[in-house]
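Given the sequences, and given the hints that come with them, work out the whole structure.
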Amino acid sequence: GDSVTQTEGQVALSEEDFLTIHCNYSASGYPALFWYVQYPGEGPQFLFRASRDKEKGSSRGFEATYNKEATSFHLQKASVQESDSAVYYCALTLTGNYKYVFGAGTRLKVIA
Amino acid sequence: DPKIIQKPKYLVAVTGSEKILICEQYLGHNAMYWYRQSAKKPLEFMFSYSYQKLMDNQTASSRFQPQSSKKNHLDLQITALKPDDSATYFCASSQAGLGAEQFFGPGTRLTVL
Numbered sequence: 001g002d003s004v005t006q007t008e009g010q011v012a013l014s015e016e017d018f019l020t021i022h023c024n025y026s027a028s029g030y031p032a033l034f035w036y037v038q039y040p041g042e043g044p045q046f047l048f049r050a051s052r053d054k055e056k057g058s059s060r061g062f063e064a065t066y067n068k069e070a071t072s073f074h075l076q077k078a079s080v081q082e083s084d085s086a087v088y089y090c091a092l093t094l095t096g097n098y099k100y101v102f103g104a105g106t107r108l109k110v111i112a
Numbered sequence: 113d114p115k116i117i118q119k120p121k122y123l124v125a126v127t128g129s130e131k132i133l134i135c136e137q138y139l140g141h142n143a144m145y146w147y148r149q150s151a152k153k154p155l156e157f158m159f160s161y162s163y164q165k166l167m168d169n170q171t172a173s174s175r176f177q178p179q180s181s182k183k184n185h186l187d188l189q190i191t192a193l194k195p196d197d198s199a200t201y202f203c204a205s206s207q208a209g210l211g212a213e214q215f216f217g218p219g220t221r222l223t224v225l
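In the order they appear, the protein sequences are chains A and B. Position 5 of the first sequence, counted from 1, bears residue number 5 in the working numbering, the numbering being contiguous throughout. Every number in the working numbering is 112 more than the matching position in the second sequence, counting from 1.
One thing to keep in mind: the hints can contain errors.
[Stated by the list, open to error] Derived DSS-like pairs: lysine-lysine, alpha-carbon spacing no greater than 27 angstroms straight-line:
{"hint": "1", "chain 1": "B", "residue 1": "Lys131", "chain 2": "B", "residue 2": "Lys153"}
{"hint": "2", "chain 1": "B", "residue 1": "Lys152", "chain 2": "B", "residue 2": "Lys131"}
{"hint": "3", "chain 1": "A", "residue 1": "Lys56", "chain 2": "A", "residue 2": "Lys77"}
{"hint": "4", "chain 1": "A", "residue 1": "Lys54", "chain 2": "A", "residue 2": "Lys99"}
{"hint": "5", "chain 1": "A", "residue 1": "Lys68", "chain 2": "A", "residue 2": "Lys54"}
{"hint": "6", "chain 1": "B", "residue 1": "Lys131", "chain 2": "B", "residue 2": "Lys115"}
{"hint": "7", "chain 1": "B", "residue 1": "Lys152", "chain 2": "B", "residue 2": "Lys121"}
{"hint": "8", "chain 1": "A", "residue 1": "Lys99", "chain 2": "B", "residue 2": "Lys182"}
{"hint": "9", "chain 1": "B", "residue 1": "Lys121", "chain 2": "B", "residue 2": "Lys194"}
{"hint": "10", "chain 1": "B", "residue 1": "Lys119", "chain 2": "B", "residue 2": "Lys194"}
{"hint": "11", "chain 1": "A", "residue 1": "Lys99", "chain 2": "B", "residue 2": "Lys119"}
{"hint": "12", "chain 1": "A", "residue 1": "Lys109", "chain 2": "A", "residue 2": "Lys56"}
{"hint": "13", "chain 1": "A", "residue 1": "Lys54", "chain 2": "B", "residue 2": "Lys119"}
{"hint": "14", "chain 1": "B", "residue 1": "Lys152", "chain 2": "B", "residue 2": "Lys183"}
{"hint": "15", "chain 1": "A", "residue 1": "Lys109", "chain 2": "B", "residue 2": "Lys152"}
{"hint": "16", "chain 1": "B", "residue 1": "Lys165", "chain 2": "A", "residue 2": "Lys99"}
{"hint": "17", "chain 1": "B", "residue 1": "Lys152", "chain 2": "A", "residue 2": "Lys99"}
{"hint": "18", "chain 1": "A", "residue 1": "Lys99", "chain 2": "B", "residue 2": "Lys183"}
{"hint": "19", "chain 1": "B", "residue 1": "Lys131", "chain 2": "B", "residue 2": "Lys119"}
{"hint": "20", "chain 1": "A", "residue 1": "Lys99", "chain 2": "B", "residue 2": "Lys194"}
{"hint": "21", "chain 1": "A", "residue 1": "Lys99", "chain 2": "B", "residue 2": "Lys153"}
{"hint": "22", "chain 1": "B", "residue 1": "Lys182", "chain 2": "A", "residue 2": "Lys54"}
{"hint": "23", "chain 1": "B", "residue 1": "Lys153", "chain 2": "A", "residue 2": "Lys109"}
{"hint": "24", "chain 1": "B", "residue 1": "Lys119", "chain 2": "B", "residue 2": "Lys165"}
{"hint": "25", "chain 1": "A", "residue 1": "Lys54", "chain 2": "A", "residue 2": "Lys77"}
{"hint": "26", "chain 1": "B", "residue 1": "Lys153", "chain 2": "B", "residue 2": "Lys194"}
{"hint": "27", "chain 1": "A", "residue 1": "Lys109", "chain 2": "A", "residue 2": "Lys77"}
{"hint": "28", "chain 1": "B", "residue 1": "Lys131", "chain 2": "A", "residue 2": "Lys99"}
{"hint": "29", "chain 1": "B", "residue 1": "Lys115", "chain 2": "B", "residue 2": "Lys194"}
[Said to hold, decoys possible] Calculated from the model, a selection of chain A residues having no Cβ within reach of chain B, i.e. all distances over 10 angstroms:
{"hint": "30", "residue": "Thr5"}
{"hint": "31", "residue": "Asp17"}
{"hint": "32", "residue": "Lys54"}
{"hint": "33", "residue": "Ser58"}
{"hint": "34", "residue": "Gly61"}
{"hint": "35", "residue": "Ile111"}
Quick caveat, the hints were computed from the structure, so don't treat them as lab data. Quick reminder that beta carbons are idealized off the backbone N, C-alpha and C, glycines included.
So this is what it looks like as structure tokens:
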């Protein structure tokens with residue numbers, strides 16, 4: 001079945017550090033890819049999506065580029081802030097499909 | 113104003129009882145979903161509905177039954193509750209079938225004693 005793998009379970013950084021969270025996927029078709037962020041006590045919030053090879057999604061200083069060849073959609077941010085501390089989820093769905101597959105999540109802790 | 117309402121926010125139940133989790137969305141979406149989140153499985157897809165019809169069911173147990181009385185409602189009935197059902201249940205919605213982003217509600221935290 002379709003799957004999403006997030007390599008890092010937890011990431012700890014200092015403010016202004018560069019962030020990369022790795023996301024690789026396996027899908028039977030051509031998926032749309034997403035990043036979500038979840039703060040404590042809240043539901044996941046949509047960050048951005050990409051649906052074509054080489055398309056870049058971005059929001060709030062975060063960005064990721066759809067790489068079909070590498071089957072990847074890695075999340076990056078140039079300079080993290082303490083307020084970015086949260087859990088980040090990579091996800092996919094196939095157009096016309098009504099199932100979304102989420103990765104296990106990466107907990108980001110940013111120390112001031 | 114909240115766009116997706118889930119009620120109640122917290123729910124405590126005894127083993128063997130039945131509960132209904134309420135979800136209403138005011139985003140004009142035609143697809144709605146239920147997810148479960150616990151320490152064991154971070155975010156687990158359960159059901160999807162489109163135009164009030166079941167589209168996908170990834171929940172093995174028939175104790176979990178979605179109920180859609182209106183286009184913007186998708187409740188979740190859970191019967192014969194077990195302690196393992198303790199989790200936070202999230203409702204979500206999206207435009208139907210377009211690979212669109214989902215919007216999540218605040219969740220209902222269920223504890224089964």
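Status of the hints after comparison with the structure:
1. Restraint check: the Cα-Cα separation between Lys131 (chain B) and Lys153 (chain B) comes to about 21 angstroms, which is no more than 27 angstroms; the hinted pair holds.
2. About 22 angstroms separates the Cα atoms of Lys152 (chain B) and Lys131 (chain B), which keeps this hinted pair within 27 angstroms; it holds.
3. Note on Lys56 (chain A) and Lys77 (chain A): the hinted pairing holds, with a Cα-Cα distance of about 13 angstroms set against a maximum of 27 angstroms.
4. Between Lys54 (chain A) and Lys99 (chain A), the direct Cα distance comes to roughly 24 angstroms. Compliance with the 27 angstroms bound is thereby established for this hinted pair.
5. For the hint linking Lys68 (chain A) to Lys54 (chain A), the alpha-carbon distance of about 8 angstroms falls within 27 angstroms, and the restraint holds.
6. With a CA separation close to 23 angstroms, the supplied pair Lys131 (chain B) and Lys115 (chain B) stays within the 27 angstroms bound.
7. Proposed proximity of Lys152 (chain B) and Lys121 (chain B) is supported: the alpha carbons are some 21 angstroms apart, at most 27 angstroms.
8. This hinted pair checks out: Lys99 (chain A) and Lys182 (chain B) have alpha carbons roughly 21 angstroms apart, not beyond 27 angstroms.
9. Taking the CA atoms of Lys121 (chain B) and Lys194 (chain B), the gap is about 19 angstroms. The hint holds against a cut of 27 angstroms.
10. At most 27 angstroms may separate the alpha-carbon atoms for a hinted pair to count; Lys119 (chain B) and Lys194 (chain B) meet this at roughly 20 angstroms.
11. This hinted pair checks out: Lys99 (chain A) and Lys119 (chain B) have alpha carbons roughly 24 angstroms apart, not beyond 27 angstroms.
12. Straight-line distance between C-alpha atoms of Lys109 (chain A) and Lys56 (chain A) comes to about 25 angstroms, which keeps the hinted pair within the 27 angstroms bound.
13. Distance check on the hinted pair: Lys54 (chain A) and Lys119 (chain B) sit about 41 angstroms apart at the alpha-carbon level, beyond 27 angstroms; violated.
14. Proximity of Lys152 (chain B) to Lys183 (chain B) is assessed by CA-CA distance (about 32 angstroms); at most 27 angstroms being required, the pair is judged violated.
15. At roughly 21 angstroms between alpha-carbon atoms, Lys109 (chain A) and Lys152 (chain B) fall within 27 angstroms of each other, so this suggested pair holds.
16. Taking the CA atoms of Lys165 (chain B) and Lys99 (chain A), the gap is near 14 angstroms; set against the 27 angstroms cutoff, the hint holds.
17. With a C-alpha separation of about 20 angstroms, the suggested pairing of Lys152 (chain B) with Lys99 (chain A) holds against the 27 angstroms cut-off.
18. Pair hint Lys99 (chain A) plus Lys183 (chain B) holds up; C-alpha atoms about 19 angstroms apart against a cutoff of 27 angstroms.
19. For the suggested pair Lys131 (chain B) and Lys119 (chain B), the alpha carbons sit about 11 angstroms apart, so the restraint of at most 27 angstroms is met.
20. A C-alpha spacing of about 26 angstroms is found between Lys99 (chain A) and Lys194 (chain B), which places the hinted pair at or below 27 angstroms, so the restraint holds.
21. Our distance criterion of 27 angstroms between C-alpha atoms is met by Lys99 (chain A) and Lys153 (chain B), whose separation comes to about 17 angstroms.
22. A hinted pair counts as satisfied when its Cα atoms are at most 27 angstroms apart, and Lys182 (chain B) with Lys54 (chain A) does not qualify at roughly 40 angstroms.
23. Between the alpha carbons of Lys153 (chain B) and Lys109 (chain A) the distance comes to roughly 20 angstroms, so the proposed pair stays at or under 27 angstroms and holds.
24. Only pairs whose Cα atoms come within 27 angstroms are accepted, and Lys119 (chain B) paired with Lys165 (chain B) is accepted, the gap being roughly 22 angstroms.
25. Between Lys54 (chain A) and Lys77 (chain A), the direct Cα distance comes to roughly 18 angstroms. Compliance with the 27 angstroms bound is thereby established for this hinted pair.
26. A threshold of 27 angstroms between alpha carbons decides the hint, and for Lys153 (chain B) with Lys194 (chain B) the separation of about 16 angstroms falls inside it, so the pair holds.
27. Distance check on the hinted pair: Lys109 (chain A) and Lys77 (chain A) sit about 14 angstroms apart at the alpha-carbon level, within 27 angstroms; holds.
28. A C-alpha spacing of about 25 angstroms is found between Lys131 (chain B) and Lys99 (chain A), which places the hinted pair at or below 27 angstroms, so the restraint holds.
29. Pair hint Lys115 (chain B) plus Lys194 (chain B) does not hold up; C-alpha atoms about 31 angstroms apart against a cutoff of 27 angstroms.
30. A cut-off of 10 angstroms between C-beta atoms confirms that Thr5 (chain A) is not in contact with chain B; the least separation is 13 angstroms.
31. No Cβ of chain B comes within 10 angstroms of the Cβ of Asp17 (chain A); the nearest lies about 24 angstroms off, and the non-interface call holds.
32. Listed as outside the interface, Lys54 (chain A) is consistent with that label: its C-beta sits roughly 17 angstroms from the nearest C-beta of chain B, beyond the 10 angstroms cut-off.
33. The beta carbon of Ser58 (chain A) sits about 14 angstroms from the closest Cβ of chain B, which is more than 10 angstroms, so the claim that it is off the interface holds.
34. Interface exclusion of Gly61 (chain A) from chain B stands, the closest Cβ pair being 18 angstroms apart, more than 10 angstroms.
35. For Ile111 (chain A), the shortest C-beta to C-beta distance to chain B comes to about 23 angstroms, beyond the 10 angstroms cut-off, and the non-interface label holds.
Hint check: violations occur at hints 13, 14, 22 and 29; the rest are consistent with the structure.
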